[in-house]
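Could you slot chain U onto chain B? The hints should help.
So the sequences go chain by chain: B and U.
For the first sequence, the numbering used here begins at 834 and goes up steadily by one.
For the second sequence, the numbering used here begins at 834 and goes up steadily by one.
Think of the hints as simulated: they come from the structure by calculation, not from any bench.
Among the clues, some could well be false.
No copy labels: a pair is met if it fits in one copy or bridges any two.
Mimicking EDC-like on lysine to aspartate or glutamate, the simulated pairs with C-alpha atoms at most 20 Å apart in a straight line are [stated by the list, open to error]:
1) K936 x E973
2) K851 x E963
3) K969 x E885
4) K1077 x E1059
5) K1040 x E995
6) K1002 x E923
7) K851 x D841
8) K978 x D946
9) K879 x E1041
10) K1005 x E1059
11) K978 x E1034
12) K866 x E923
One letter stands for each residue in the lines below.
Protein chains: 2
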Amino acid sequence: MYKLSKNDVKFIQSLCHKKHRHAEGMFIAEGVKLVEEIIKSKFILKKIYAIEKWIAPLGINASLVSIITEDDLQRISLLQTPNMVFALVEIPTAPSSIILENKISIMLDGIQDPGNFGTIIRLADWFGIEQIICSKDTVELYNPKTIQSTMGSFVRVNIIYESLVEVLKTTKVPVYGALLSGKSVYSTPQPAEGILLIGSEGKGIGKELLACVNIPITIPRIGGAESLNAGVATGILLSHIVGKGEEGLPKN
Amino acid sequence: MYKLSKNDVKFIQSLCHKKHRHAEGMFIAEGVKLVEEIIKSKFILKKIYAIEKWIAPLGINASLVSIITEDDLQRISLLQTPNMVFALVEIPTAPSSIILENKISIMLDGIQDPGNFGTIIRLADWFGIEQIICSKDTVELYNPKTIQSTMGSFVRVNIIYESLVEVLKTTKVPVYGALLSGKSVYSTPQPAEGILLIGSEGKGIGKELLACVNIPITIPRIGGAESLNAGVATGILLSHIVGKGEEGLPKN
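Bound conformation, chain B alone (with noise of 0.2 Å):
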């Protein structure tokens, strides 16, 4: 059984500031399914807290893992209710690259929210969406709060930072922008490629956006809400954009 110490204890608070996450190149992800999911992927484990009982996955290295107590694990989760298991993980840096031809990519400009973010990823995984560009000002990936609420699904997603502006400039992909008035989503044809843009929850899409927005859809309304939440508004663009399954026709 290891002893947490006051410094370990010290340096793992520190992560939670984005300053620190960057200087020492490590994030946090707690719970048994997001350590899966990371064992799985090809983020890098650093150092595992975890209480007895939980079961190591194959292929972790042993040596990585310290077992501690309930009442230490206690006090360096982050979560309401701790799940077993606390992981410390290599922040990638070797840079992405952005490939928007032939294929469907999300686009945030400035979403603040991390559980708003987390629940985009999450969408994003479910389907099968490989790209998410975000503005400088989104809120940051290794936020914890964000990592927790895409339940694992930001090891399958490529997320990458950038000047959306600069982006666009570089492409003739055409930009379907998430707006509360443009053409219906249940009209839009699906396409075979194409950035779905999406603004933030208090401003929505900035102005020098809006110029490089090619087609503005909307979500139509029906009843008396004046709008919808940012993440479900992705996730019912999606669900037409790219929605189709085997029982499912696509829509045109």
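Frame of chain B, contents of chain U only:
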């Protein structure tokens, strides 16, 4: 300027607990938009605390309003960023009747997260769904987190807590169960009447209710995520089951 007393603060804080909310018959709603929605609705305001720069909407009874300092608002607010006005609202006591015929209703089997519940209420409002029937173990509507995350939509949706099995015994309206396998929602014809049954985040639809499902429906998965968030899944399903718009073509 009214100075909040210790008793005021104690009373308000007591309303964070379900037991006290129901003993006092009051719940908390905060922010400019939410209070405006309540004023326009059938809900009865009992008390408003607002800072000086809040502009009271027309139709408000001035005797209900106490002007307080920003510091005092900060003391009672449950929001990270208090938004000018804090209201106490009467919990309605008149029982609502359930009508299932000739409309689409939502049924929730044990949703636990107030954010998910609020999102579903907002979605119902967006898609013109008038009625949500909740199992008795669903999180409480008057939980401040639920109320806030509805963005005011709770005033337009009839929310009823009832034994779902008992309700389903009394009707022949078809029950669409949201499941991880079933008929693709993309090829499900839009019904004129029906119940969309959504299970809880952890456990899905309970066994006894599962036996009442007439049409299991699913959102076909393309990528690697194991599941979708309950609010997001409800949004996608609703957009296919009830979504229509001026430019949209109903699916059959």
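Structure versus earlier hints, numbers of those that do not hold, lowest first: Hints 1, 2, 3, 6, 9, 10 are the ones this structure does not satisfy, whereas the remaining hints hold.
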